[in-house]
Amino acid sequence: MANSAIPRDFLKNVLQNGMGRYVCQLQRITFRFCKSHPGSRHMRDFVENHLLDFTKKNPGVVVYLQPRRHRPPSIVAEFLNGRRETMEMIGKEPGEICKWTEHMRGRSGVQIVNMIRNNHTETPSTQGIWHPFMFRDSTTALAKFPSSQYSAVKQTGKTATDFILEEVKKK
Amino acid sequence: MKMGLQISKIRHRLLTFNKKRDFNVKMAASILKNIVFTSTRSILPKTLRISTCIHHKVPKRNYDQYRMRYLKEMYQKRLDVGPEKQRRRSEWINWNYDAEIYAFGQRLGEDFNESTLRQAFINRSYVEGERKKRAELGIDINAVPLQLEDNTQLADDGFALMSSYVKVYLRNIYPYMFEEGISAVHDYLTTDKMLAHIAKHIGCEDLILSEEIPVMESTLSTAFKAVIGALFNDKGQEQAERFVRDFVLPQLIEEDINQLWHIVNPMGLLKAMLSLSGKGEPEPRLLWKSGINTIMSLYWVGIYSDKEFIAKSPGETVLIAEEMAAREAIKKIMKTDDSRAPLVLGNAAENLMLDYNRVNLSAEDIIRKYYESPHPQKDFSTS
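So the protein sequences, as listed, match chains V and S.
Under the working numbering, the residue at position 62 of the first sequence is numbered 166, and the numbers go up by one with no gaps.
Under the working numbering, the residue at position 207 of the second sequence is numbered 289, and the numbers go up by one with no gaps.
Hints listed in this document are in silico derivations from the structure and should not be mistaken for laboratory results.
Hints are supplied without guarantee of correctness; some may be wrong.
What the hints assert, rightly or not - Covered stretches of chain V, as calculated for chain S (at least 3 residues, CB under 8 Å):
# : stretch
1 : 124-134
2 : 154-166
3 : 180-188
4 : 238-248
As the list claims (entries may be wrong) - Each computed SDA-like pair below joins lysine to any residue, with the alpha-carbon atoms no more than 20 Å apart:
# : chain 1 : residue 1 : chain 2 : residue 2
5 : S       : Lys-167   : S       : Ile-295
6 : S       : Lys-417   : V       : Thr-230
7 : S       : Lys-371   : V       : Glu-192
Said to hold, decoys possible - Chain V side only, calculated, beta carbon under 10 Å to chain S, not exhaustive:
#  : residue
8  : Leu-119
9  : Asn-121
10 : Gln-170
11 : Thr-227
12 : Gly-232
The beta-carbon is built from N, C-alpha and C at its ideal position, and this holds for glycine as well.
Next up, chain V with everything else stripped away, as it sits in the complex (with noise of 0.2 Å):
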């Protein structure tokens, strides 16, 4: 696939979650499994032992249990954002399920993309990008070019050449 059709992105913060307080982006996650089938044999064990600790720890996603006959498990997360993510659990350990449930949990709902960046702001420099005016004296921009002031060389002390003639002298 050509790079440039691979989406990429900016590092995102929605809603500006956390300035304030935080809200915990996945509003409810379905957990779709088969009652009867051995392929849905974690996610049953799964929501014996490990789905109401879940529950208990995080009251603000809602979570439903969708049984349906024969066919393989999967998990559905929707977010705030309207997004849903499905993923198949086929042959995934409860130890496996409660771990993607987890990863679900932390998500902020945006498309998982390459980043650009690690970090971005709206505001680089607060105290204004530079420019090759920046640090320019003023005086310059009236002086008319060429001018033998600007043109002479710039002394910026004892030069290599004017150390060797002093020791010449002094002998």
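Fit chain S to the supplied structure of chain V, relying on the hints for placement.
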């Protein structure tokens, strides 16, 4: 003996399944269920292995001829039928309004009164729709009253609180900003678009009871105001103000507040401001220029008062640069330049002492005072 017979039968069926490719998956699963529930453990692993074959996808190099024709047909059918009808989230099977209402309060960390919160999500259009439905069914409304109250009153309460608090907060945070600027920032924060955006991201959209679909911005905005109103009615002013501070005011982060207020004549305002504070007239001077004969021309104009530098700014022409420099100077006087302190939000704002009676200076008053008072060096050309 009977059990043994049954198992051998199933084994036979499973073996024949491998030969028949178009065997129904449902059928296979029901066979498996039979085995799991009726047979002994010793035969389970063997049959399970067969069952895993059902789902195992063998990679193929060929395309099935029928598949292309099938997909084409389905594509054409979709075009004929048109796009899928938009549905409410509540039309799906995994929906429990009670649980959703409870989770809404928990998500925001607020202890809402449930009946008030329910009312906050009832739009006027929904109540009217319900009335209409009853009339169509021939139910007498007087005999069986519709016990639904819409959120209009709550929204009005909420908006009044939000509006006043946003202004009080901004006046205290930006004490030198003009009243017109404060109003502009306030208007930006309380537009339907902004409030709908916030309402969506705290989870109001699916909970709203209204006739239209998808939910309109104005409906979302009303519901959000009503949520604030509900909080105000049940938990008091302080809690409602905290809610506004936590959800509405952070939207100003990364927003250039100086751009929200459009100043028509910045130089005129600057002149009036300097004169009233006892300083000399603003004097624009060209600092630098570059590439003046090209389309990328650049001028830097600085503004001085009493030979003291106030502000400078670049522009494509001298006039643009002068106007921008005047804006920059006003920005500096209002102390809202880019290097201003960040907004006080979150836990830090808990102990914020706000003066509720504070009113900032008004730019209109300043201009009126300057141009109506007798002044020796008055220049009306810039007013």
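Here is how each hint holds up against the structure:
1. Counting residues of the stretch 124-134 of chain V whose CB falls under 8 Å from any CB of chain S gives 8; the rule of at least 3 is met.
2. Under a criterion of three residues with beta carbons nearer than 8 Å to beta carbons of chain S, the stated coverage of the stretch 154-166 of chain V is upheld, 4 such residues being counted.
3. For the stretch 180-188 of chain V, the stated coverage by chain S holds: 3 residues have a C-beta nearer than 8 Å to a C-beta of that chain, and at least 3 were required.
4. Taking a C-beta to C-beta cut-off of 8 Å, the stretch 238-248 of chain V contributes 4 residues in contact with chain S, enough for the three needed, and the coverage statement holds.
5. A C-alpha spacing of about 10 Å is found between Lys-167/S and Ile-295/S, which places the hinted pair at or below 20 Å, so the restraint holds.
6. Taking the CA atoms of Lys-417/S and Thr-230/V, the gap is near 13 Å; set against the 20 Å cutoff, the hint holds.
7. Between Lys-371/S and Glu-192/V the CA atoms are separated by roughly 63 Å; this puts the pair beyond 20 Å, and the hint is violated.
8. Below 10 Å, beta-carbon pairs count as interface contacts, and Leu-119/V has one with chain S at about 4 Å; its hint therefore holds.
9. Taken as an interface hint, Asn-121/V checks out: its beta carbon lies about 8 Å from the nearest beta carbon of chain S, inside 10 Å.
10. Restraint check, Gln-170/V versus chain S: the minimum CB separation of about 5 Å is within 10 Å; hint holds.
11. The beta carbon of Thr-227/V comes within 6 Å of a beta carbon in chain S, closer than 10 Å, and the hint placing it at the interface holds.
12. Interface restraint check for Gly-232/V: the shortest CB-CB distance to chain S comes to about 7 Å, inside 10 Å, so the restraint holds.
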